[in-house]
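Novice: Each chain, written out:
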Amino acid sequence: MSQNSSSILNKPTNLSLNDDTYKPDFRGVPSQALDAIRMRLAQLTHSLRKIRDDLSKAELPQWYSLQSQLNVTLTQLMSVTSTLEHFHDTLDATVVYPLPKFPTTSHETLLTTLLRKKYTPEVDEWLSESREASGLDQAQLTTKNVKQVLQKDKECTKWALDIFSNEFEKYNFKGLKTKKEQMEGDQMEIDYIPASQNIKPSSPFVIEDVLNFVYRGEEQGEKSENERDDSVTN
Amino acid sequence: MVQQLSLFSSIDDKSYDLFIATLTTLSGNPPILYSKLSTVWIPNPSYQIEGVNSKNQLVEKNRIKVSKELPLEMLKEFSTASGNAMKYNHEILKKLRDDSLPIEYVELQNMINENKTKRSVDAMEVDDEETTKPDTKNKYAWNISISDIPAAGNNRKVSMQTINESILLSHVGANSSLQKMLNELGYVFQYQYVTVGARFNLKHNLIVESQKIWNIGSSSKQQITKNGFLIKAFINVDKATDIDRMNLTETVLLNLQKELQGYVELTVPDRKSMDSRMDVD
Amino acid sequence: MTSTAVIFIERATPATLTNFKDALANDLLSTEGTWSLEFRTYRTQIKNYSEDSRSKLMYTMNFSHHDENTIIIKNKLGFLLSSDVSISNKITDDNRVQNLVENDCSTGFPESFDILLGNKLTNMWEQRQILRGDAGETFKTMNCLIRCINLFSSTGFKGLIIEIEDITKDCTNETFTTRINEIKELLTEITIKEYQISQDTLNDDEINTDSMNQTDYLCNLAYQYVRVLEY
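Residue numbers (the working numbering), protein chains in the order written: chain A, 28 to 261; chain B, -13 to 267; chain C, 1192 to 1422.
With the rest of the complex left out, here is chain A:
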């Protein structure tokens, strides 16, 4: 239905609209790039749809399964972006046009979508939204300004990361002791040993024995003592 050519020169100028014997030249189609993107987009839409369905269910799934799904989706989104970037040059130079046999009347919407050069309204909306969210003055938005802003942003991020790592150093996120306790080296206490070999506590007594005492004063082994008494008297 459509043909892409990587070069304007390749554009077939001599075609006649009613020529059935016309053989389109598919060599120029960047099928590798398109296929890669198609695959990743398919994955992404699938994941997004799944999240949307999960969230609209009456009972929410466990938080950890939602989180892992979101992680997967974000990775896929990254993958789409990087693929787009990778094929940026090829795709930028690709022009779409319909073949003579394309059923223009029955598939008009598809055709107009494919041939559209302006952004669709919702894309325009996204763009302006993100511009607004960036808090920049739209009117003064020159390339230089943007670069400056980006630079500032990077600096800010770096500063935050430094602060974070400094603060992170100050606390202990593992074990049972605070950093302060660790530094002071409280000699009295036994060091916390990651109990890899002894994670599961063993059961030192039968719960019911304790409860029998708590609720009725029955002592452990009382019964056997009684039995012994019996055997003596007998």
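If you're looking for bench data, these hints aren't it; they were derived computationally from the structure.
There may be inaccurate statements among the hints.
If you want the footprint, here are the derived chain B segments under chain C, 3+ residues with CB under 8 Å [as the list claims (entries may be wrong)]:
(1) 23 to 34
(2) 49 to 57
(3) 138 to 152
(4) 162 to 175
(5) 180 to 189
Derived DEER-like restraints, expressed as beta-carbon distance ranges [as the list claims (entries may be wrong)]:
(6) B:N96 / C:R1319: 34 to 42 Å
(7) C:F1348 / B:K143: 50 to 58 Å
(8) B:N75 / A:L82: 41 to 49 Å
(9) C:I1358 / B:L44: 47 to 55 Å
(10) B:L12 / A:K207: 22 to 30 Å
All values derive from a computational prediction rather than experimental measurement.
Virtual Cβ for every residue (Gly too), placed ideally from N, Cα, C.
For chain A, the structure is supplied; the task is to place chains B and C on it using the hints.
Specialist: Showing chains B and C alone in chain A's frame:
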């Protein structure tokens, strides 16, 4: 009438640190150390008590549990001094491994028999000698409770027990005391025990406790939870008729059970072990 | 300490209360809120209970204007039991009850002791009688609070209760006796000759009355009710 929904487990002494760390992480708060005295009373055996009331309804003889908090100062020798103040925290429990406990039978019996005359004399003595007696902080109030056998049913996911309780605030009269009140009711002392535990308050009124329990007899002391701790997770619901609350409460407990699965297995104990009724003679 | 006395007029008529109010009107400063009470009598079901000459009867009282408390009176002993954690914190003015909750002694939802007796101990204690008084009136004079209430049992009208409570700070036994005599005169004025009156207290004689507190006062008040109602 309170419904107590609970699950139990046990851990050994060695696992205490990790358990405390785990629950501290879960609850977001450090544990609170507490100690209490529980005294258990039975209908006076010399009385002829029928198993039915005047309307010929079956009423079984039940034990009464009377309990009050014990001042942590009683565990002074195990506390760690920090500055001038004594520090009482869950670490104390690690030092309480055997049968001994610095709490004496006579001391506890005195609390039960405490009457007004003696109380004022005690207070005066303290003032005169400037000694710090541990029980000066210990204000008079006892909780009196009677519990049912937990609800029956094979498929119970949590233990569900009805508790009736009232709080004794004070008494007046010649030689009046807690002992006297229960004697007048027709009850006599059976046994007493001391619980020292670490307590975590979690969301939805969920409380998790790790307890050590000592039987304080007249001639000997015995730790019932030797080598370990009794773990009790529970929620009290004041309205048993509120089905939604009951279901929610059960879910909260089951979520904790799920959370700790593979580490500490919370289970429903045999309901017979939580039955405080007298044996039928 | 707070001195109280309770008067019970068994042969009262509806007019008695009106007449008494009229007689009191000369000294009246203001009228205060309404109140109600419940008075229960329990009798033991234990056959050989009285072998050591214990009384077979036990009384419990609840006053609407004295918070969620139940007072047990038995053998000249008074016990004050609470059925509300926050209110009892207020009465004792410290956290002794909260301590019970925080130390795993109480679930935090106590109830009236009558519920324990009625739910769990009916094989030992049977409720024989319940006297109720509703919409009682309170009158304030220069030095006293005077509470009046008509008591009813399940069978009907039982009589009129007049409760006198001294509200001055420096009340001695002598001044309180004067107040009682004033009330007695009022009763003579309205031609009430037969009544029961009690000023008894449960405290041991050896104890200095200064050390008496709010909780003792409630037990003593309940004891006075028992004295006049069970003469």
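Novice: Next, verify each hint and record whether it holds.
Specialist: To see whether the hints hold, each was checked on the structure:
Counting residues of the segment 23 to 34 of chain B whose CB falls under 8 Å from any CB of chain C gives 5; the rule of at least 3 is met. Judged by the Cβ-Cβ criterion of 8 Å, the segment 49 to 57 of chain B is covered by chain C as claimed, because 4 of its residues qualify and three suffice. Coverage of a stretch by a chain is defined here by at least three residues with a beta carbon nearer than 8 Å to that chain's beta carbons; for the segment 138 to 152 of chain B and chain C the count is 4, and the condition holds. Given a C-beta distance limit of less than 8 Å, the hint that chain C covers the segment 162 to 175 of chain B holds, as 6 residues qualify and 3 suffice.
Look at the segment 180 to 189 of chain B against chain C: 3 of its residues bring a Cβ nearer than 8 Å to a Cβ of that chain, three or more, so the hint holds. Between N96 of chain B and R1319 of chain C the Cβ separation comes to about 36 Å, which falls inside the hinted range of 34 to 42 Å. As the Cβ distance of F1348 of chain C to K143 of chain B is approximately 54 Å, the hint placing it in 50 to 58 Å holds. For the pair N75 of chain B and L82 of chain A, the beta carbons lie near 43 Å from each other, so the given range of 41 to 49 Å is met.
Range check, I1358 of chain C to L44 of chain B: about 50 Å between beta-carbon atoms, so the 47 to 55 Å window is met. Under the hint 22 to 30 Å, the C-beta atoms of L12 of chain B and K207 of chain A, about 23 Å apart, fit the expected range.
Checked against the numbered hints above, the structure breaks none of them.
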